[in-house]
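Spelled out, the chains give:
4 protein chains.
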Amino acid sequence: MAKKILCTVDGEVKSYLVDTAKDFHTKEGIIKKEDFNKKVIKTNKGIQFYCFDPTFIDLFNKIKRGAQIMLPKDIATIIAESGLNNQSIVVDAGTGSGALASFLALHAKKVYTFDNRPEHLEVAKKTFEFLGVKNVVVKDQDVYEKKVAVKNADLVTLDLREPWRALPNVTSCLKKGGFLIAYNPQITQAQELVNVLEKNGLLLIKVVENIQREWEIYGQVVRPKFGRIAHTGFIVIARKI
Amino acid sequence: MAKKILCTVDGEVKSYLVDTAKDFHTKEGIIKKEDFNKKVIKTNKGIQFYCFDPTFIDLFNKIKRGAQIMLPKDIATIIAESGLNNQSIVVDAGTGSGALASFLALHAKKVYTFDNRPEHLEVAKKTFEFLGVKNVVVKDQDVYEKKVAVKNADLVTLDLREPWRALPNVTSCLKKGGFLIAYNPQITQAQELVNVLEKNGLLLIKVVENIQREWEIYGQVVRPKFGRIAHTGFIVIARKI
Amino acid sequence: MAKKILCTVDGEVKSYLVDTAKDFHTKEGIIKKEDFNKKVIKTNKGIQFYCFDPTFIDLFNKIKRGAQIMLPKDIATIIAESGLNNQSIVVDAGTGSGALASFLALHAKKVYTFDNRPEHLEVAKKTFEFLGVKNVVVKDQDVYEKKVAVKNADLVTLDLREPWRALPNVTSCLKKGGFLIAYNPQITQAQELVNVLEKNGLLLIKVVENIQREWEIYGQVVRPKFGRIAHTGFIVIARKI
Amino acid sequence: MAKKILCTVDGEVKSYLVDTAKDFHTKEGIIKKEDFNKKVIKTNKGIQFYCFDPTFIDLFNKIKRGAQIMLPKDIATIIAESGLNNQSIVVDAGTGSGALASFLALHAKKVYTFDNRPEHLEVAKKTFEFLGVKNVVVKDQDVYEKKVAVKNADLVTLDLREPWRALPNVTSCLKKGGFLIAYNPQITQAQELVNVLEKNGLLLIKVVENIQREWEIYGQVVRPKFGRIAHTGFIVIARKI
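Protein chains in written order, with the numbering used here: chain A, 665 to 905; chain B, 665 to 905; chain C, 665 to 905; chain D, 665 to 905.
Hints in this document: simulated from the structure, not taken from any laboratory. The reader is advised that the hints may include incorrect statements.
Any copy, or any two copies together, can satisfy a pair, since identical chains are not distinguished.
Unchecked claim - Taking lysine to any residue and the SDA-like style, the derived pairs with C-alpha atoms no more than 25 Å apart in a straight line are: (1) K870 - Q850; (2) K790 - V677; (3) K774 - V797; (4) K803 - R825; (5) K774 - E745; (6) K773 - N725; (7) K839 - E676; (8) K863 - P718; (9) K773 - I753; (10) K870 - E676; (11) K810 - N864; (12) K798 - Q751; (13) K889 - E878; (14) K863 - E745.
Could you put the whole structure together from the sequences, leaning on the hints where they help?
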């Protein structure tokens, strides 16, 4: 069981995700495990903490992800552009850390996720358990090599080094009008992929990147946060015809 | 009943959302209404069209929205940052065109949307019908003036000219840890709102803006599309404590 | 002779560059040519105009440029990154409309500009005359084919479709530590160029793009101007070793 | 005397600005001071260095600047938008580190710079000496309090906490059509300034921000550099009427 806790010190908010089975040690003092359910929590140093049940997103933000992580802003684009919903069947390759599959599963009916690297499958399994995701089916399969057996999918997501190699094995999964969305850290990957989409029966192609900027606001101070502009990749969107 | 159809002319893809109860007239020729269910559709000029059932997003992109529309990229941020899912209760004010409420309803359990301008309520009603949205409850109420009666909401969304005026009437709806997310075309609105969040019991404040850029890719041509950078507003995110 | 004039109508400022040899006809009325030197100018409709001598930049903003114009923000980057100054010798290829050569000439000692397309040379000649630029030497030469004879240049600027083809003919112009700066509308051009810089003796490579955004401010209205985000190209900067 | 030197280690370029009066110690070994003028420089570890005379920009990039430094991209915008050139008279306030005044002086006829904080004036004096800038006149004066005596300036630049307070004391310096350009880290500063420009006789107002992004290119790797997006401030541009 986990709890999200936070306190305000010198006007700044600090937040933690804590394991309620153990005492929690922080700079602000120690919280005893039997105190987590109290209405008001105080450390032995007298600092007051606020406490609430973590939501999916609190847990999601804690999962370990690799170097070139896909950020919520990009996952959000996949959800918004595809109109993904609780009737949707999704094919996802590769699984990687399982972060994308988990997030999509929260909004879809079922997600089939494909990867053949044992280290990925192991990490992803832990991710699904940690987030309590039930509607993901993991398939140990190399999508560069073998056709994906799912039919009538509404969405195929690709987060692969060479997504164009997977095209012949995944486009047949999609129903007419279904979406293929590939996430590419490199613009050159997007280029190589886009140039073979049409011959694979995919049209209505769109390539976007999201530059998200955080702002700092307090009183009369209103400015973009220094160095807090996130770019992670180029998102290629196309539809099966 | 509607169908999405598209054809390729001179290498460019054109797409239309058509009413299948009527013949469809286009530059590429006429399609007779009895032809919409054929596997291959041809106009009287011999141009071949592809046809598929429109998804939620195809319909969504057709709804009439006002001047300062919230784009999918920003709606996506609300969904991703809040971890909205099919267990979530949402309070939304003001309703406006009903576009945001509809999109949130696709991912939530129930959306209560508030507005007191008759012209908005009328437009929104049409939006919900057109998109087939069932889990939205419309409330004719001015949130600047009267407390919202919903309890234990997971998310409150504000798209109001003076969102700070609504705070005392909506924060009591939120459960502990619940999200308040306000969309502001003006940075000055974001400023005025942020500066009163804490005294209304909202913390973990984050302000983001999304700059989305489209790219043009064919062959060796790889460049940002001219003039296709979208910014629409500043998104303020905070949590009830 | 030209004058810059402007008036305020309904709170909005309109400005024109006018030829003082002729009467000027505008929506706000007619200004007689003999009135341009008056302290206060009024049209026959009684609208008051302000008037001043145009500066270089007023004239520059009027010159005709092709489809993929280099904007002041990108020219500015060339000036700032290279430390160009009135002791600098510049080699510029291709001349195109002459816009870049003119702007660089304003800050340099001498600019040698190379192009071999007669239509460009003709347009550029008019640009130099219109702007009163004296320190530009135009050379009718194809830099893909023949070595540039200039020695000890401080800066080489390239605005060419295939800048990598010009490298062997221009790098020998540069003095040690001199800058080569190429403007590329396509990221793929930047890629092809960067990948051969080192073998041509160019190091300290930097690739930047400038996204410039205009804001609208009046009273409490403070927001990015809709659609006013400019991107034009990728700027490759390197130094001769 | 200084030299710019650089070497390539493991495919990466390292560069240093060195004082030629002393031996230079680096991770790559020691370079003796008598070797700096040799055609080929080698450290005692046998690593080969390239060497060239530093340009203005090499020195400029070494000067100490405060927390909210104005970057070359923003200085460049001032130069490009104003059409500053070697006939231009500039009024600059406040002097701060002297960085902006130095850069403008490189392109202008004369720069008068105003500040009344002794610690700024001292740092700025060192900056001017280090960069060899001769055409800057430093004035120990508080521009919030006293009118600036310069006449017929082409450009006034403001880098002040409350630029609107300086307006009555600097606009009279400008000639008709001259530019006032203010650099503001906060959008709220830009707002407060813009809202009083017109009543101070300044029109043709434009507010821009530059988002500059660096790209990483080698072989097929082509992506924005992580975290290398620079924003520093909002630039307000207006003209004296």
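Hints, one by one, checked against the model:
| no. | hint | in the structure |
| --- | --- | --- |
| 1 | K870 - Q850 | both (16 Å within a copy, 17 Å between copies) |
| 2 | K790 - V677 | neither (29 Å within a copy, 41 Å between copies) |
| 3 | K774 - V797 | both (10 Å within a copy, 21 Å between copies) |
| 4 | K803 - R825 | within (18 Å within a copy, 47 Å between copies) |
| 5 | K774 - E745 | both (18 Å within a copy, 22 Å between copies) |
| 6 | K773 - N725 | both (22 Å within a copy, 23 Å between copies) |
| 7 | K839 - E676 | between (50 Å within a copy, 22 Å between copies) |
| 8 | K863 - P718 | between (46 Å within a copy, 23 Å between copies) |
| 9 | K773 - I753 | both (6 Å within a copy, 19 Å between copies) |
| 10 | K870 - E676 | between (41 Å within a copy, 12 Å between copies) |
| 11 | K810 - N864 | within (16 Å within a copy, 44 Å between copies) |
| 12 | K798 - Q751 | both (15 Å within a copy, 15 Å between copies) |
| 13 | K889 - E878 | both (6 Å within a copy, 18 Å between copies) |
| 14 | K863 - E745 | within (22 Å within a copy, 37 Å between copies) |
Checked against the numbered hints above, the structure breaks only hint 2 and satisfies the rest.
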